[in-house]
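**Student:** Quick note, the sequences are listed as chains A and B, same order.
Residues in the first sequence are numbered consecutively from 1, following our numbering.
Residues in the second sequence are numbered consecutively from 1, following our numbering.
By construction, these hints were calculated from the structure, which means they are not laboratory data.
Among the clues, some could well be false.
[As the list claims (entries may be wrong)] Here's a subset of chain A near chain B, in silico, CB distances under 7 Å, partners left out: (1) Phe39; (2) Pro40; (3) Phe47; (4) Val82; (5) Ala84.
All C-beta atoms in this analysis are idealised placements derived from N, C-alpha and C, irrespective of residue type, glycine included.
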Amino acid sequence: MTMPLPRAQHIVASGLVAAVGVTVAWLSYTQEPAEAFVFPRLISTVFAVLALWTFGKALLGRTRFGNGLDRTAMANIAPGLVVALVYIFWAAETLGFYTASTLAFFAILTLYDPAPHGVLRSWLKRLIITGGFLAVMYGLFALLLNVFTPRGLFF
Amino acid sequence: MEFLGYFGEVFAPANFGLLLLGTIGGLILGATPGLSPTMAVALLIPFTFRLEPAQGLILLGAAYTSTVAGGAVSAILLKIPGAPANIATTLDGHTMAMKGQGARALQLSFIASAVGGVVGVLLLIFLTPMLAQWALAFGPSHLFWLAILGVTVIGSLDSGSVVKGLLSGCIGLWLATIGFDDIMGAQRFIFHPSVAGGINVIPALIGLFAIPQVITMLARGRQPSGAEALTVERHPVGKAFREVFSRSRALTIGTVTGAVIGLVPGVGGQIAGLVAYDQAKKLSPERDKFGTGHSEGVIAAESANNAMVGPSLVPLLTLSIPGSPTAAVLLGGLLIHGIFPGSDLFDNYPDVAWTFINSMLVGQILMCIFGLYVAGLAARVAQVPNAVMAAVVLGLAVFGSYSVQNSMGDVYVMAALGTGMYFLERFGFSAAPLVLGLILGPIAEANFIQGSMIANATSSIGQYFFTGGLNLLLIVLVVASIAYSVWMELRDRRVTTKDEVIGEREARP
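Please take these sequences and the hints and turn them into a complete structure.
**Tutor:** If you want it as structure tokens, here you go:
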């Protein structure tokens with residue numbers, strides 16, 4: 001017998017939150033100096049109790065809030081999320097902030113733009129939007145606010 | 001009526017020009033997701049070095065006022081609060097925009113902001129000495145309970161699970177403890193070097209609100225456009241004025257709540273909008289409509305945000321205690337001009353103090369006028385296709401987070417919290433109480449520690465935190481807010497169960 005997808009997801013999600021809550025509570029009661037953990041103990045105790053309560057309800061199948069994620073949504077999210085995470089955790093520093101931003105912006109636009117990929121005009125539009133956005137970002141942050149961003153391999 | 005003697009100074013060409021610049025610039029910065037009032041005012045401080053003290057303060061004050069109001073634009077159109085103060089505005093404002101009433105929501109928010117703002121500045125002018133005395137009555141134990149109340153109240157804001165709302169608040173309070181302990185200097189929960197200095201509120205706020213929105217847009221896939229959900233139709237300004245004043249209960253609750261919360265040192269505007277929204281919801285005969293795009297939600301939240309601005313300066317100007325994070329940055333602006341706020345400020349620098357306060361009064365009117373103009377043009381923002389909006393919001397989130405401290409660590413924190421929040425939201429958790437926990441955590445902890453020290457030196461901790469009229473009142477409010485929310489949830493559950501039973505009966509052959 002297979003469990004319905006949302007119920008299994010609720011168990012996993014609330015289980016993860018409960019694991020974090022219990023870990024935090026355990027750490028706050030075991031770390032030194034104890035004086036620095038007085039407030040965290042107070043908070044983490046309530047955190048752990050509420051998280052375990054939520055986990056217990058999920059195990060019993062009595063969770064009433066949250067619809068979980070269906071497979072279509074997961075499939076839609078996956079490519080964009082991968083692009084975003086690669087952009088933030090690797091490309092921004094390695095390739096350079098503006099280069100990575102340009103590539104990520106263009107990639108997301110291309111992946112999610114409903115305009116047909118076989119039409120040259122769609123590609124030109126995406127390039128113009130990408131260039132315009134990055135020009136505004138450069139003007140605002142680099143020129144106006146003097147924010148010095150990582151240069152990486154390119155810019 | 002001493003302030004009237006300095007009113008002409010506001011309209012001197014240079015002063016008025018700076019007031020206009022600060023107002024318009026503040027509206028644009030406020031409408032830009034990730035650029036909070038605190039950040040805008042901090043960024044403007046270097047520009048005031050060469051200005052006269054009064055001019056510099058006019059610029060900073062105008063930016064403070066208009067960024068708080070401008071944050072409503074992105075809250076309503078993008079569901080990304082431009083500032084923590086605009087969190088509550090997203091609840092009904094964005095829903096109105098989703099229904100094609102974006103222009104109406106924006107107009108209501110700017111008019112309510114101006115009304116609340118004018119009342120707040122008038123309070124600053126007329127009641128400064130008395131209100132400062134009242135704010136002084138709050139000791140560490142009261143501030144601790146007030147911070148806890150801020151978190152528990154938010155549990156009821158989310159119409160879903162009270163337990164998950166409170167759990168979200170606890171997660172936020174725990175996140176606030178990450179980093180070095182202020183008193184002992186001990187490391188706490190530092191799992192990665194990016195959080196060694198603690199979690200900066202601004203990147204966290206950007207991540208918790210922007211990234212789930214980006215992922216939600218991505219989840220729609222290659223659909224033609226998300227623009228139809230944010231279609232903004234024209235809406236007559238006169239009608240918006242009439243609507244704001246016809247919703248006098250929400251306007252009054254918002255204005256009074258914002259003014260009172262603004263007075264409390266350290267709490268500031270973050271919770272003003274949320275508490276006002278919650279109170280307006282509880283006291284409204286149309287409470288069922290809240291969260292579904294009800295105008296009272298926008299009016300209460302936005303009038304509270306700006307009503308907080310004036311009173312938050314009362315403790316700053318009279319006692320050097322900033323009433324909000326932005327007020328704390330303004331304190332820096334005063335000090336660089338050699339002006340030390342305190343009880344003798346109005347004796348030593350009456351021209352600077354009164355010109356600054358008067359400019360804030362005029363600034364509220366200018367903010368309303370230019371805000372309404374922005375509201376008319378804001379329709380264009382809503383027409384941006386889904387894919388473009390997702391990419392733009394992601395880019396702004398990354399650039400905005402990085403620019404706070406020029407740190408990639410902040411970007412990592414933003415991305416991690418935002419991605420985690422999206423998945424938590426899918427399981428009934430909520431970003432608002434988590435953010436409130438994160439913002440109020442340091443206030444709660446600092447006052448808890450301070451109160452404990454006082455208690456150890458004078459009485460017992462139990463006696464210090466659990467006795468006294470104000471402590472008991474706040475504790476009762478904490479318990480009542482949780483109990484009321486639990487009762488509401490149980491009542492809704494009974495109603496749902498009845499409906500389900502009815503549905504089952506009807507479905508039977």
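**Student:** Against this structure, judge whether each hint is valid.
**Tutor:** Results for each hint:
1. Phe39: Status holds, d = 4 Å.
2. Pro40: holds, 5 Å
3. Phe47: Cβ of Phe47 of chain A sits 4 Å from chain B, so the hint holds.
4. Val82: Status violated, d = 11 Å.
5. Ala84: holds, 6 Å
When each numbered hint is compared with the structure, a violation occurs for hint 4 only.
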